[in-house]
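Model the full assembly from the supplied sequences, consistent with the hints where possible.
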Amino acid sequence: MRKLTGLITGLAFAVVLSACSNEGTDKGAAKLHGVDLENKVVRIGALNAESGPVAVIGKPAAVGKRMLAAQINAGGSGLLPEGWKIELIERDHAYNPQRSVQLFNEIRDDVLFIATSFGTPPTLPLRPMLERNNIVAFPLSLSSKMAEFAWTPPVGPSYVVEAQRAMDWIVKTSGGADKVKIGIIYQQDDYGKDGLDGLKIALAHYGIKLVAEETYAPGQADFTAPVNALKQAGATHVLLSTVPSATGPILGTASQLDYNPIWISNTPAWIDRFFDADVIPSKIFKNYYMVSGLPYWGEPSNFMKSFLELYEKYGRAQSPPDSYILLSYLQGRISIEALRVAISNNDLSREGYLKALQTLKNYNVDGATAYDISFAKVPYVVGVETRVLKPDFANASWKVIAPFAAPTSLK
60 MRKLTGLITG
70 LAFAVVLSAC
80 SNEGTDKGAA
90 KLHGVDLENK
100 VVRIGALNAE
110 SGPVAVIGKP
120 AAVGKRMLAA
130 QINAGGSGLL
140 PEGWKIELIE
150 RDHAYNPQRS
160 VQLFNEIRDD
170 VLFIATSFGT
180 PPTLPLRPML
190 ERNNIVAFPL
200 SLSSKMAEFA
210 WTPPVGPSYV
220 VEAQRAMDWI
230 VKTSGGADKV
240 KIGIIYQQDD
250 YGKDGLDGLK
260 IALAHYGIKL
270 VAEETYAPGQ
280 ADFTAPVNAL
290 KQAGATHVLL
300 STVPSATGPI
310 LGTASQLDYN
320 PIWISNTPAW
330 IDRFFDADVI
340 PSKIFKNYYM
350 VSGLPYWGEP
360 SNFMKSFLEL
370 YEKYGRAQSP
380 PDSYILLSYL
390 QGRISIEALR
400 VAISNNDLSR
410 EGYLKALQTL
420 KNYNVDGATA
430 YDISFAKVPY
440 VVGVETRVLK
450 PDFANASWKV
460 IAPFAAPTSL
470 K
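Residues in the sequence shown are numbered from 60 upward in steps of one, following the numbering used here.
Treat the hints as calculated values from the structure; they're not laboratory data. In this text the structure is predicted, and so the values were computed from the model without any measurement. Glycine is no exception: its CB is placed at the ideal position from the N, C-alpha and C atoms. Keep in mind that a hint or two might mislead.
With a straight-line Cα cutoff of 27 Å, these simulated DSS-like cross-link-like pairs (lysine-lysine) come out [unchecked claim]:
#1 Lys458 <-> Lys238
#2 Lys99 <-> Lys144
#3 Lys420 <-> Lys268
#4 Lys259 <-> Lys240
#5 Lys204 <-> Lys268
#6 Lys238 <-> Lys259
#7 Lys144 <-> Lys414
#8 Lys252 <-> Lys436
#9 Lys436 <-> Lys204
#10 Lys204 <-> Lys364
#11 Lys364 <-> Lys458
#12 Lys414 <-> Lys90
#13 Lys470 <-> Lys231
Derived CB-CB ranges, DEER-like [unchecked claim]:
#14 Gln377 <-> Pro184: 40 to 46 Å
#15 Asp451 <-> Ser403: 16 to 22 Å
#16 Leu316 <-> Asp95: 32 to 38 Å
Have a look at this one:
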């Protein structure tokens, strides 16, 4: 009797999902995309940046999702019901917004959702298409605009919040707002503008004027002019809303010009390859700090222990240790939890996937983050507490300089 009941339940599930996969001839029926019910395979998109100006972080980020796919497809992970597998449909947009749109259109009919949409500029132009096609795209971006949009759920506090927290730390460690002169150099796109917006909110809160505002274009090689401008303005502290391909040259140029302010950056300015002295001399990071709400590689926790075991098994052959592998994997775990819920709800339509995602309340991946995430309402709540870190080159790790806290200028 028990076997018969199980058979009937399984047949009912298949019938329901088969009905959903109809082309829409039945009124109200939803079409399935990227779902092979017979073989229990879900196809998931990944719009990576493995070439172009941010390839140094785009390549390891791609590894995080591949690790997750290997973990699930090996069986026994418990992340999805047993027997279910995922297939990654990957493309490289090279951090180019136009290319991102082109590749999205290329894969949109073949996937249930996008597990990685790398970067702020390549993700923002997708928004009307995501809404029109009801496709969730998890952005590898902490842009403040992501949390405002139902189809782009972020995984941590925004760049705006990071910049605000940076100013709190600057004022506190400098002995007061009247003791500092603030400058900024930021990438000339939506990511950089987020850092600028957060800084301006905090400056207004403290009554401080911005003494220098410098920009650069993605892929720019020479930073002599903006660094000279910061030096001439006498900036004692500089916010870096940059990517690693700019961070290194900016700090190197400043060292050559004998300009040594306190540098404090948004999360994307750093890559763990900087720990390697053969890549860049550690001495240029003497005055460098980073604000982030994310865990760092090797930070003690139950999540980190299991993650590092998976990295040794599935990731090391693809990439040396890198925080972007960690971030990508963590983001992927959230997307897979929503998939697990959708499967249990017997609704693998795109509408069903979004609905499943929005049932996640106060969610945390095995305690990996200092904050819980809620997707129950839009704008999504993704935490406002960040901390200040300083590179520990002797141990290729980080020192916590200031603990998790919300910025005092938070609206």
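To see whether the hints hold, each was checked on the structure:
1. For the hint pairing Lys458 with Lys238, the CA-to-CA distance comes to about 25 Å; that is within 27 Å, so the pair holds.
2. Only pairs whose Cα atoms come within 27 Å are accepted, and Lys99 paired with Lys144 is accepted, the gap being roughly 6 Å.
3. Proximity of Lys420 to Lys268 is assessed by CA-CA distance (about 40 Å); at most 27 Å being required, the pair is judged violated.
4. For a cut-off of 27 Å, the pair hint linking Lys259 to Lys240 stands: about 13 Å separates their Cα positions.
5. For the suggested pair Lys204 and Lys268, the alpha carbons sit about 26 Å apart, so the restraint of at most 27 Å is met.
6. Simply put, Lys238 and Lys259 have alpha-carbon atoms about 17 Å apart, close enough for the 27 Å limit, and the pair holds.
7. Taking the CA atoms of Lys144 and Lys414, the gap is about 21 Å. The hint holds against a cut of 27 Å.
8. Distance hint between Lys252 and Lys436 is fulfilled; the C-alpha atoms sit about 26 Å from each other, no more than 27 Å.
9. In summary, the hint linking Lys436 to Lys204 is supported, as the alpha carbons are separated by about 15 Å, within the 27 Å threshold.
10. For a cut-off of 27 Å, the pair hint linking Lys204 to Lys364 is broken: about 32 Å separates their Cα positions.
11. Among the hinted pairs, Lys364 with Lys458 is consistent with the structure: their alpha-carbon atoms are about 19 Å apart, no more than 27 Å.
12. Between the alpha carbons of Lys414 and Lys90 the distance comes to roughly 15 Å, so the proposed pair stays at or under 27 Å and holds.
13. Proximity of Lys470 to Lys231 is assessed by CA-CA distance (about 20 Å); at most 27 Å being required, the pair is judged to hold.
14. Checked against the given bound of 40 to 46 Å, the beta carbons of Gln377 and Pro184, roughly 29 Å apart, lie outside it.
15. The beta-carbon spacing between Asp451 and Ser403, approximately 43 Å, falls outside the hinted interval of 16 to 22 Å.
16. Hint check: Leu316 to Asp95, Cβ distance near 58 Å, so the stated range 32 to 38 Å is violated.
Violated hints for the displayed structure, listed by number in ascending order: 3, 10, 14, 15, 16.
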